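> Since chain A is already given, all that's left is putting chains B and C on it; use the hints.
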Amino acid sequence: MGSGPTVGSDRPSLLASDASPVPERIPVTDIALQRRLTERFSTQLLTAVSARHDTTEIIVGPGELVSVMSALHDDAEFRFELLADLAGVDTGVVLQVVYHLWSPLSPDWLRVICDGLPRDDPRLPSVTFLWNGAEWAEREAYDMFGLIFEGNRDLRRIYMPPDYQSFPLRKDFLMPDDASRSPGQGVRPIEVAFQTAESGRVPLMRVSPGTGSLAGWTRPGEVGAGDPDSGGQVGP
Amino acid sequence: MTGEPRVRSLDDPSIMVDSPATIIDAVPPYPPRTEREAEFYSLKDGEMFVNLGPQHPSTHGVLRVVIKIDGEQVVDLDPVLGYLHRGVEKICENGDWHHAISNCDPLEYIASMFSEAMPVLVAEKLLDLEVPRRADYIRVLAWELNRISSHALFIGWLALDLGGITPILYGFIERDEIVEMLAALTGQKLLFNYLRIGGVNGDLNHEFLSRLGDWMSRAGKRIEESSKLMNENEIFVGRTRGLGVLTREAALRTCVTGPPLRATGIPYDVRRAHPYSVYPELEFDIPTRTEGDSYARYLLHLDEIRESIRIIDQVLHQMPDGPVMAKLPRLLRVPPGRAWVAFESPRGQYGAYGISDGSDQPFRFRIHDPSYFTLQAVGQLVPGHLVADTMAIMASLDPIMGGIDK
Amino acid sequence: MSVVSRPWSRLSLAGKIILPLIAVFVALNLVIVLGWVSGILPWLVQAILDALGDNVGILRFLIAATIILVITVPVAFMNIFFEMKLIAFVNLRVGPNRIGPWGTLASVVHGLKVLAKEDFTPTGADVPAFTLAPAVVYLAAVMTLLVVPFAPGLYGYDMDIGLLYFFAVGGVGVVGLMMAGWSSYNKYSLLGGLRAAASLISYELPLILSVMGIVMITGTLNLNQIVTAQEGSFLDWFLFRQPLGALIFFIAATAEASRTPFDLTEADSEIVAGFATEYSGMRFGFFFFAEYVNMFILSAMTAVLFLGGWNAPFDIDPLLSAVGITTPVSVAFDPASLGVGLLWLVLLAPALIIGLLTAVIWMLKSSWSIVVSLVVAFLLFNVIVVGALVTFAAIDLEWVIGLFWFIGKTVALILFFVLMRATLPRVRIDQLMGFAWKWLVPAALLNIFVTAGAIVILDQMGKTL
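Chains as they are written, first to last, in my numbering: chain A, 8 to 243; chain B, 53 to 458; chain C, 1256 to 1720.
Pulled out of the complex, with its shape left as it was, chain A reads as follows:
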């Protein structure tokens, strides 16, 4: 099946319209909710309200996110008080943030997709003013995708070390080169070619961190050696 999707390949678009037709035996979705949403937000949505199974879905742009979310949270006819999840998505072309909300007034889940965030500068407003639990979820989205949530007072990395350079869950993240763009690179090289006895090279005991990916693993004079930091080279 290959090594997964790559950026810019001609994948089917993941916007709403390509959902497969829903057979009749799937539980009924909340038509009333779709109607209310269309009435209220039709000008602010990027596409029509869609629904599949027990989830109604709306797609907004980053500019409209704050007003839509506030309305969904505060209005008496919606009362989407529970934020179930805040996820980042990399479609390969653009970045998205997907919110899942629950309301006591509707048997459906509501999925709000904030679409159209460009890869090089994905900025969108934060929803921490409505739910301060979203602070950490947005930190994770920043850590994994690079999404910048404006208004989040604590937007720093949460899983990866603080000096990590890349965003792991993006589709253009290829191990190990991206992992190597950090000061931890070379300390414990994870992809070193296996040296057999016949190839004439014997890996040495590493004596200093070094900076290159093969530093300290070869004898002086051999290819890849010559790390100026490794004073006092020792033999095996």
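Hints listed in this document are in silico derivations from the structure and should not be mistaken for laboratory results.
Predicted model only: the values in this text are computed from it and were never measured.
Keep in mind that the hints are not guaranteed to be accurate.
Calculated pairs, DSSO-like style, for lysine-lysine (alpha carbon to alpha carbon, straight line, at most 27 Å) [unchecked claim]:
{"no.": "1", "chain 1": "C", "residue 1": "1271", "chain 2": "C", "residue 2": "1620"}
{"no.": "2", "chain 1": "B", "residue 1": "273", "chain 2": "C", "residue 2": "1340"}
{"no.": "3", "chain 1": "C", "residue 1": "1620", "chain 2": "B", "residue 2": "280"}
Which stretches of chain B does chain A cover? Using the computed rule of at least three CB atoms under 8 Å from a CB of chain A, they are [unchecked claim]:
{"no.": "4", "stretch": "87-93"}
{"no.": "5", "stretch": "191-202"}
{"no.": "6", "stretch": "302-313"}
{"no.": "7", "stretch": "400-409"}
{"no.": "8", "stretch": "413-423"}
{"no.": "9", "stretch": "438-445"}
We put the beta carbon where it would ideally sit given N, CA and C, even for glycine.
Chains B and C alone, transformed into the frame defined by chain A:
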């Protein structure tokens, strides 16, 4: 700090590893990145940082909590995650939907039937697949057994973090019996790998049923004994009552779900709010409490164990015959689409959001663990209490680091 | 020399033990006989006895101090074993059962393990304070044993201010804990040390105030006299005459010993090991021992002050005379009359008896090797001799019975401490200090007032409390 911030790798031979409290400086060696970090890492007169470090007997997994204390009182709290981060979401994108089942198992390692259910339910939703009813009933049985064993462990942990060393062993007796019967069913005691897309892996067998019947005759007895040791215990009640009070509004704003939310009085349980599987056909109540403190959360867990035993009883009576696995092609291509699934685990509402692009690999598999928000709530509940209460509050909110760190 | 080494290497293990012993035995006998005959040995013995006779007090004190220091180690081992087994039984498990019969040697092995660990001082630690802290804590605990009356006549030193000495020296342990907490250069240790200081000092006051009632009743601080004041039956024990005092003392003693529910100084689920986080090896072993010895000492003190010390709960003389034994029984036997025969008896008799028993056992149980039968014979000999001595002593020397009762009461209290640890969770520092200052100190003061009032009233009525 001038120049590049130098973050020392642990392989650096110039680090002297001398003690658990000093191996990682509580203050990071780089300038603060955000205003919250700046606010946290600035000390007033008389305050100091203590690292409840990644090696600690009481953090529920590998968690580092930096607390800013003024004498014995906690002023502020900053959890540092990532010690258990395995990149499960990324790994799931590189395997197919079946691999995701065993990848997601170790997320909630205490009750791993629930974490397995994530890829399974999402894939079934994307496939519009109807699971055989017997398989659904078996799933509910396994889920409720896992819930009881997880709650038994919770009660033990709570007591252990408060200093009582006996209830955890009673809880483990209860858990052991359940885990042995699940081992007879699935072959595993911890990471079951039992749920499959389309059903479960294997029908109930004789040993499982005999152990289950045996256990049902004295279900929860050990927990009742253990609760007798703790419910009216002056010291236990004094340590937990009024501690870490989570109000309704704060709970909703922090998006906690599960027992902490129900202990504040909001009767939100995904099994009733958004039913799935065969829960609509089963009769059970949603226990709630109104105080929202640690004692209420503890009592709520006891109530939930009783409800789970009720559910298991009904499931055993109503179990239909039939196949336990739907017919699926070997190479499972899931039609393109997006699906969100939520279900009730012992710690709250588990959510899984899956995007499929038509191949057999998930395009994006998002895992949402309730302990993530619960741990955030710890950061809001603890300041103002004492150091000893940090552990009590964290234990009563029942986070599990496997799911938090993914 | 090769001639000697060859037969030596052909000996069995038993032979390698017995042959040198015989050689030493013969040589020793030769020396003794020669010394006796030539007159050197009696003169030497007489000179030693004269010197000792002039300084009996110091000698007695030295022997008492040595014995006390030596018995604390087995006592701590016994406490550790009790704790492991009893908590295991409460937890519905078994505890150590492989090392030694029924796991009895498990705590010995723990002690050896602690000795074998690496002993280091953390960088940045204040080395003198760090090194001395375990010693201070241990000695503060052990020195208090000097005044505890184990049996009539069996005490370290009879002080008229024994009770005061006990509390004064026992309180020095707090200094040791603070030293440990501060000098470790570790914030956990600091927290632990501060908690220890706060909790121990808070509970010193109720501890001391609660025994003031006893001091008022008996009019003395001498522990021997306090025990003698509880003679008679168990209704004379101060437990019934000072119930509130007993309760307060026991609670305060639990806090002083840092036992659950007051063990937040070493709360290992919160601050790893408290003040002892940076200690390893035998330094940690000292803290460990000190805690268990403290438990023993406080149980002993509770027994002495409130449970009658070495007094039996009822009088057994009627029982003994019913059997036909009248006390005091005098065994008309003067060991000095044997002369040099005494030395022969002491040196030769054990060896002969053990040899005889070995031969008998080895012949009866042919599957055991000589070494095994030797060991079994040795144990059997000990049992016989100790049994005989105890029987004689119990009838002739009243301190054996007194010791039995004393140890019995102390062990019962130790078991109660352990049961508390098995069942109760821990209190928080503010709850602990609040309880001490707001409840125990006023209760102790109330006790003093009520006791004083009762003494005056009963004095008027002509009775005594």
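> Hints first: check each against the structure and report whether it holds.
How the hints compare with the structure:
This hinted pair checks out: residue 1271 (chain C) and residue 1620 (chain C) have alpha carbons roughly 22 Å apart, not beyond 27 Å. Taken as a hint, the residue 273 (chain B) and residue 1340 (chain C) pair is honoured in the structure, with Cα atoms around 24 Å apart against an allowance of 27 Å. Pair hint residue 1620 (chain C) plus residue 280 (chain B) does not hold up; C-alpha atoms about 53 Å apart against a cutoff of 27 Å. With 3 residues carrying a beta carbon less than 8 Å from a beta carbon of chain A, the stretch 87-93 of chain B meets the three-residue requirement, and the given coverage holds.
Residue count for the stretch 191-202 of chain B with a Cβ under 8 Å from a Cβ of chain A: 0. That is fewer than the three needed, and the coverage hint is violated. By the rule of at least three residues with a Cβ nearer than 8 Å to a Cβ of chain A, the coverage given for the stretch 302-313 of chain B holds, with 6 such residues. With a threshold of 8 Å between beta carbons, the proposed coverage of the stretch 400-409 of chain B by chain A holds, since 5 of its residues qualify and at least three are required. Only when three residues or more bring their CB closer than 8 Å to a CB of chain A does the claim for the stretch 413-423 of chain B stand; here the count is 5, and the claim holds.
For a cut-off of 8 Å, the count of residues in the stretch 438-445 of chain B with a CB near a CB of chain A stands at 0, and the three-residue condition is violated.
In terms of the numbered hints stated before, the structure departs from hints 3, 5 and 9, listed from lowest to highest.
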